[in-house]
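66 is the number that UniProt numbering gives to position 66 of the sequence shown; each next residue is one higher, with no gaps.
Hints are computed from structural coordinates only; laboratory data are not their basis.
Please note that the accuracy of each hint is not assured.
[Unchecked claim] The following label-pair restraints were derived from C-beta to C-beta distances:
hint: 1; residue 1: Pro44; residue 2: Val131; range: 32 to 38 angstroms
hint: 2; residue 1: Ala60; residue 2: His80; range: 32 to 38 angstroms
hint: 3; residue 1: Leu105; residue 2: Gly76; range: 17 to 23 angstroms
hint: 4; residue 1: Asp27; residue 2: His103; range: 37 to 43 angstroms
Here a beta-carbon is modelled for each residue, glycine too, at the ideal position from N, C-alpha and C.
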Amino acid sequence: MKPNTVRRTGGDLAVMPAMEASGLCADSIILTLDGETRVRDLRPGARVITRDSGTATLRAVDRRRSACRAVHIRAGSLGHTRPEHDVTLPATQPILVRDWRAHALFGAGRAMVPAERLVDGEFVTLRPTQVFDLYHLIFDQPHILYVDGLELASMAQDAD
C-alpha cells in the first residue's frame with residue numbers, strides 16, 4: 001500500500017447512511033507508521049496512517065464475532081492495486097470510492113458507500129452469510145484507513 005493520496009482533498013463526498021455489522025477482518029493489512037501490520041496485531045497507541053489526517057493514534061480496539069453477509073472483491077477490480085489481493089469484507093463495510101464509479105454510481109467526485117453497493121456480479125460479488133472476527137478501531141474521531149489497498153472507514157468515535 002502506498003499512501004500517495006494522504007491529505008488530498010477536493011470534490012464532493014457522498015455519504016451513505018449509518019451501517020451495522022461493519023469492521024475490519026483480523027488478517028487485513030493496515031498501514032501504520034511502523035509499516036504494514038495485521039489488524040489483529042494492533043494495540044492502543046499504534047500510529048495508523050490515514051487519508052484524512054496523515055496519522056492518528058489508535059485509542060482502543062473492539063473485537064466482535066459477527067455473522068453477516070460478505071462481499072468478495074477481486075484484486076485490482078477497483079483500480080490499480082485496489083485491492084492489492086482478493087479481499088472479503090462484511091457487506092456493510094464503508095469503502096471510499098473516488099474514481100469514475102463515484103461519478104457514475106453516486107453522482108459525486110467521491111463516495112463513502114457500503115461494499116455491497118459495488119457488487120457487479122463478476123469482480124465484486126456478494127457471498128452468503130459468514131462469521132467474521134470484526135475489529136473496530138477507535139480513534140478520537142472517524143478516519144479513512146488504508147487497508148489491503150482499499151480506503152476503508154473506521155468506526156465513529158467511542159461514546160465514552
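Cross-check of the supplied hints:
no. : hint                                 : result
1   : Pro44 <-> Val131: 32 to 38 angstroms : 25 angstroms, violated
2   : Ala60 <-> His80: 32 to 38 angstroms  : 34 angstroms, holds
3   : Leu105 <-> Gly76: 17 to 23 angstroms : 19 angstroms, holds
4   : Asp27 <-> His103: 37 to 43 angstroms : 32 angstroms, violated
In the structure shown, a violation is registered for the earlier hints numbered 1, 4, in ascending order.
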